[in-house]
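Novice: Top line first, the protein sequences correspond to chains H and Z. Okay, so the first sequence: first residue is 0 according to numbering that gives the first Met the number 0, each after it adds one. Okay, so the second sequence: first residue is 0 according to numbering that gives the first Met the number 0, each after it adds one.
Be a bit skeptical, because a hint or two may be false.
What the hints assert, rightly or not - Pair ranges (Cβ atoms, derived):
#1 Asn94(H) / Val61(Z): 39 to 49 Å
#2 Ser66(Z) / Phe41(H): 29 to 39 Å
#3 Glu50(H) / Ser66(Z): 25 to 35 Å
#4 Val61(Z) / Asp145(H): 31 to 41 Å
#5 Ala160(H) / Val69(Z): 38 to 48 Å
#6 Ala152(H) / Val69(Z): 40 to 50 Å
#7 Gly91(H) / Ala50(Z): 42 to 52 Å
#8 Ala50(Z) / Gln75(H): 22 to 32 Å
#9 Asn47(Z) / Met67(H): 39 to 49 Å
#10 Arg55(Z) / Asn94(H): 34 to 44 Å
Unchecked claim - If you want the footprint, here are the derived chain H segments under chain Z, 3+ residues with CB under 8 Å:
#11 26-39
#12 95-109
Hints are computed from structural coordinates only; laboratory data are not their basis. Beta carbons: idealized from backbone N, C-alpha and C, even for Gly.
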Amino acid sequence: MSDTKKLAIIASQGTLDWGYPPFILASTAAAMDMEAVIFFTFYGLPLLKKEIDAKVSPHSNPAMPMKMPFGSKDFQSINWPIPNAISGNVPGFDNMATMLMKETFKKKGVATIEQLRGMCQEFGVRFIACQMTMEVFGFEKEEFIDGVEYGGAATFLEYAADADISLFI
Amino acid sequence: MSEIASNLELNCEGLNCPLPILKTKKAIDSLNSGEILKMIATDPGSVNDMASWANRTGHELVAHTESAGVHTFFIKKK
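Input sequences plus hints: build the corresponding full structure.
Specialist: Spelled out as structure tokens, the structure:
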């Protein structure tokens, strides 16, 4: 069908918060009968690993609300003011924030990144891994899920040249 | 309003964006043209999202009702 809309996404970040949007948008685009391609480059590349180990870092995201996923509704709505000295220096702070975010997402009925990635593949979204970044950071194809294509800037741009929506995330 | 007869029912209660849309897409794929899907969701964003999804895909949003935060959609497959 020639009037099929095309979505082209570059996923350049691999933290838990930044890992979501590419998979949300690509899976939804496919559900809306669009074609979708995600090009994974630089820090976005680990999102293709079999086991996604994405974390969130409150220290580098000062506007991130810090809320608890348990307790009464009033307690859960408190936005805890965490000083930079704590978020940046306390060992394990990112792990704790990651755990809290995952728990919150689960309670709110948000899919996991792995789930959304699986649905993308089921819906025919194409994943392209940046070959250059793989060389630079020492990633092996064996570490990644099946069904990934490998290419460079030209591979992505060939597709993106005809895309209706292009996003850099 | 009397209940619209549906060929398939999909419960998306408690699920958040974009899961209701993704599951609706999968469910509609399993139907034949002209058949009706009944989808139930509690995500308030699903109201606008379902309308947009139907607009784009061409499936017809036959009806939408809301009761105590529970949204019921009837979608006719194109």
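Novice: Tell me the numbers of any earlier hints that the structure contravenes, in ascending order.
Specialist: Hints 2, 3 and 9 are the ones this structure does not satisfy, whereas the remaining hints hold.
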